[in-house]
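Visitor: Numbering follows UniProt numbering, with no gaps: position 118 of the sequence shown is 118.
No lab work stands behind these hints: they were computed from the structure.
Given the structure is predicted, the values throughout are model-derived calculations rather than measurements.
Ideal Cβ placement from N, Cα and C applies to all residues, glycine included.
Keep in mind that the hints are not guaranteed to be accurate.
[As the list claims (entries may be wrong)] Under the rule of at most 20 Å between Cα atoms (straight-line distance), these lysine to any residue pairs were calculated in the SDA-like manner:
id, residue 1, residue 2
1, Lys125, His85
2, Lys57, His85
3, Lys125, Ile146
4, Lys57, Ala35
5, Lys57, Ile21
[Stated by the list, open to error] Ranges between beta-carbon positions, derived for each pair:
id, residue 1, residue 2, range
6, Gly133, Pro73, 19 to 25 Å
7, Thr124, Asp54, 18 to 24 Å
8, Phe153, Gln38, 32 to 38 Å
9, Thr124, Gln38, 30 to 36 Å
10, Asn61, Thr124, 31 to 37 Å
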Amino acid sequence: MLYSFDTSAILNGRRDLFRPIVFRTLWSLIEDAIAAGQIRSVDEVQRELARRDDDAKQWANAQTNLFCPLDLPIQQSAPQILRLHPSLVKQGGRRSGADPFVIALAMVNSGTVVTEENATGNMTKPHIPDICGELGVPCLNLMEYIEAQGWTF
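Take the sequences, apply the hints, and build the full model.
Guide: Structure follows, in structure tokens:
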């Protein structure tokens, strides 16, 4: 199973929810899953993290197997997602340009998206879980991902 991590899963996970100074074992397990190819993200997420100067950026850049380039199947799927849901990416707004690629990575690999975004229930202002629900792509938050792995601490 492939898990496609969104920027918010990395950023909020390390900064707010599961700080590495307390949850070392969790982040070690996540690093093992990255090394095994079970967790991936798109290079667009890496670009979003590059705008920051914090632990999340440094940690993500140190994970050599985390980011994958936008290969042809992802490049073909992302525009299809945007054609169906153009408001997923808002011009000039704070919406993430990585979102359709994060979803596409999961779609083309029959995987699951991991994000800390919450569904809005409003398809005129959708978040990742809204689009995943419409497209039938499984979507978890970071705690649900941890539970799905059966990890206990």
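Visitor: For every hint, state whether the structure bears it out.
Guide: These are the hints, each one checked on the structure:
1. Lys125 to His85: holds (10 Å)
2. Lys57 to His85: violated (29 Å)
3. Lys125 to Ile146: Cα-Cα ~28 Å, so violated.
4. Lys57 to Ala35: Satisfied, since the Cα-Cα distance of roughly 18 Å is no more than 20 Å.
5. Lys57 to Ile21: holds (16 Å)
6. Gly133 to Pro73: 19 to 25 Å: holds (22 Å)
7. Thr124 to Asp54: 18 to 24 Å: violated (32 Å)
8. Phe153 to Gln38: 32 to 38 Å: Between Phe153 and Gln38, where Cβ atoms are some 19 Å apart, the hint is violated.
9. Thr124 to Gln38: 30 to 36 Å: Distance hint for Thr124, Gln38 holds at roughly 34 Å.
10. Asn61 to Thr124: 31 to 37 Å: holds (35 Å)
In this structure, the earlier hints numbered 2, 3, 7 and 8 are contradicted, and the remaining ones agree with it.
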